[in-house]
Amino acid sequence: NAGVTQTPKFQVLKTGQSMTLQCAQDMNHNSMYWYRQDPGMGLRLIYYSASEGTTDKGEVPNGYNVSRLNKREFSLRLESAAPSQTSVYFCASSEKTGWLSNQPQHFGDGTRLSIL
Amino acid sequence: KQEVTQIPAALSVPEGENLVLNCSFTDSAIYNLQWFRQDPGKGLTSLLLIQSSQREQTSGRLNASLDKSSGRSTLYIAASQPGDSATYLCAASNTGKLIFGQGTTLQVKP
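As they're listed, the protein sequences go chains W and R. Counting in our numbering, the first sequence runs without a single skipped number right up to 116 at its last residue. Counting in our numbering, the second sequence runs without a single skipped number right up to 1110 at its last residue.
Since the hints were made in silico from the structure, they are not lab data. Careful: at least some of the hints might be erroneous.
Claimed, not checked - Ranges between beta-carbon positions, derived for each pair:
1) N70(W) / R1061(R): 38 to 44 Å
2) V1020(R) / Q103(W): 24 to 30 Å
3) S67(W) / K1001(R): 25 to 31 Å
4) D1039(R) / D26(W): 19 to 25 Å
5) R1061(R) / Q103(W): 20 to 26 Å
6) S67(W) / A1079(R): 43 to 49 Å
What the hints assert, rightly or not - Pairs of lysine-lysine residues, derived as BS3-like cross-links and limited to a Cα-Cα distance of at most 27 Å, are as follows:
7) K1068(R) / K1097(R)
8) K96(W) / K1109(R)
9) K57(W) / K1042(R)
10) K1042(R) / K71(W)
11) K1097(R) / K9(W)
12) K57(W) / K1109(R)
Remember, predicted model here, so these are calculated numbers, not experimental data. In this text, a Cβ means the ideal position worked out from N, Cα and C, and glycines have one as well.
Using the sequences and the accompanying hints, generate a full structural model.
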């Protein structure tokens, strides 16, 4: 019962470095999401993938790219990390999205990313 | 643009009390309203999901209500226990994307 697995759990980067956060789900869900959580700002959607082969921008996409590698995996890439991207990143999945999405989202335990 | 607000930001109660957490949203055209629990250093765990056509959902000691016309949802916790201490977040789903409130951090004292 792994659910949603995120790697790594912790990472420290220097400004300008690049990095890919990995996410995999084993629930055969169609939709996957990346959020960031910041103090005082709550969780904000970065990108999402309604189904395999599609990706769309969320509320705060600037500075990030995503890849829906297959139905199980959805990665988030920081091409040139900035201190403003210091945050806790959560991946989530759900069976469907849109008006059909009356199933809850399942979250991973997060990646704590610090950019110096 | 949907905005979700949770008040208060923090709440401390003695064990055994019944309590209500509040969530308000600005756009009533939601698909559903979800309540989550987050423990320190952990991800979010789904507690209850209320579809737009429903008024309430119950799970054990938890009861969530939804009033779309007033843009409000409440999470009722009966007979609170120290193990209920956590941050509770509500999220409104418009177009399938969740908009989160900032959460209410609950402390239940033994």
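**Violated hints - listed by number, lowest first** = 8 and 12
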